[in-house]
Amino acid sequence: MRTSFVFSEVITGLRRNVTMTIAMILTTAISLGLLGGGLLVVRMVDKMQANYAGKLEVSLLLTNDVSANDKDCTQQPCAGLRSALEQTSGVETVVFQNRDEGFERFKRIFEAQPELLKLARPEAIPATIRVKLEDPERTDVIKQAFEGKPGVKAVDDQGKFLDRFFEILNGIRDGALILALIQAFAALLLISNTIQVSAFTRRVEVGIMRLVGATRWYTQLPFLIEAVVAGIVGAVCAVVLLVLAKAFFLDRVTGNLTESGIIPPTGYLDILIVSPWLFLVAIVISATTGYVTLRLYVRL
Amino acid sequence: MIRLEHVSKVYKTSTRPALDDVSVEMEKGEFVFLIGPSGSGKSTFLRLLLREEVPTRGRVYVSNFDVAKMSRRRVPRLRQSIGCVFQDFRLLPTKTVAENVAFALEVIGKPRNTIVKVVPEVLQLVGLDGKEDRFPTELSGGEQQRVAIARAFVNRPLVLIADEPTGNLDPDTSQDIMLLLERINRTGTTVIMATHDHGIVDSMRRRVVELSYGKVVRDDARGVYGVGR
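Listed in order, the protein sequences are those of chains Z and G.
Counting along the first sequence from 1, when you hit position 248 you're at 248 in my numbering, and nothing is skipped either side.
All you need for my numbering is the position in the second sequence, starting with 1, plus 300.
No wet-lab data here; the hints were simulated from the structure.
Since the model is a prediction, treat every value here as computed from it, not as a measurement.
Be aware that a few hints might be false.
A few chain G residues facing chain Z, derived, Cβ under 7 Å [said to hold, decoys possible]:
(1) Gln380
(2) Cys384
(3) Ala404
Even glycine gets a Cβ: it sits at the ideal position worked out from N, Cα and C.
Model the full structure from these sequences, guided by the hints.
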């Protein structure tokens, strides 16, 4: 196999159909970019789940009455609640936090927002009993057992809040993947079409090749490589798109959230880890489409 | 060398067979004219040799190849041992004379150093030395056909098939092309030429196989185009 010959054929082929080639590359790039975005969200959710898994708590927010009068949880109903929690199976630790401690914690969390601190009064912060479970998934047990008991204003389940947040992220991921799929379909049709056009413009060449006894591989490989090259260029564009999206969009939008540790940051490393998949998908799809097109629609 | 045994070919779109129980044998080094009116089966005959078509019945042998029975994978091998020339030359307009000839070797994977050696040789044989870097559009019809012959012959095929090679050329140029085909024939290559050209057939006095309605109606060792015409 003379590789130099095959590649010169590929380059002339791509140049001859330059508009089709560009369309093919752009569609592939957008499709792969969306796929890459989806994969990055998946990574983000995984990281968040790992981050939060050991830290999730259920908080019993105590009523105003208890918060004001019982500073160390020695009176009823607080003491009773605490011992009941301690005796519940599956509970790892139980920590009481009175109103003043709660206010201190609030000030610590929001020290970056002095306006908010100015407005805040300790009276707004309830005393809480924070419960850490051995299995963070089983928060429902606590909620069912303690919600509405005397002295309990509300049961705050951090897991529930996080679940909602994950739902949003998963929604973004699904949306990106669906769009990626639609774009991939368009890319697929374009690849198939480009190969057919390419084969048609080169039918004289291919006819001569067949006649002088070129093997199937020799006649078809340039078309196949053409598709794969376009796919790879598309993947390169997709990676560039992701890097640009991170630098100019994602970092700005999520900057605060990542600094305060709520969302794990998406780094260039994440893009680097995702990109081989984009290349793999690009190569597999373009090669398969190319091969099927040549077998079904092009008589070489 | 070439043998057809009771070969029939019926195209799906036609009720009349294009070839009807044809049996012919051609020896190595022979020069054979294939004549007959349009639609008599000449092109089908040639296409069967190249395995562009498969016979409906009968067997076709070219050299050691059982053409009708061979697997698709072996077809390139067969075609590498057959050179082809057509009425419309079929040159690539974007390639020079030398590149057109080299193309036939490149696509069958011949090494670069072989190509640079044999292409000038064959261009000299067909009388095109000095015009290597011209493009087909810069050449006369006769010169273009010489390029096509050079391309067909550059891989030293056992058989050269020529389908009306002089159909687009004036009589003088046709005569030159015939001299060239004769010279190629003298190297031991079997030449099979389909033609309508009376003058050429009559002046060459070579074997003539005449087809009519898909049947061989005449096979003369030293024939002319038509008796009484």
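Check the structure against each numbered hint from earlier and tell me which ones fail, lowest number first. none
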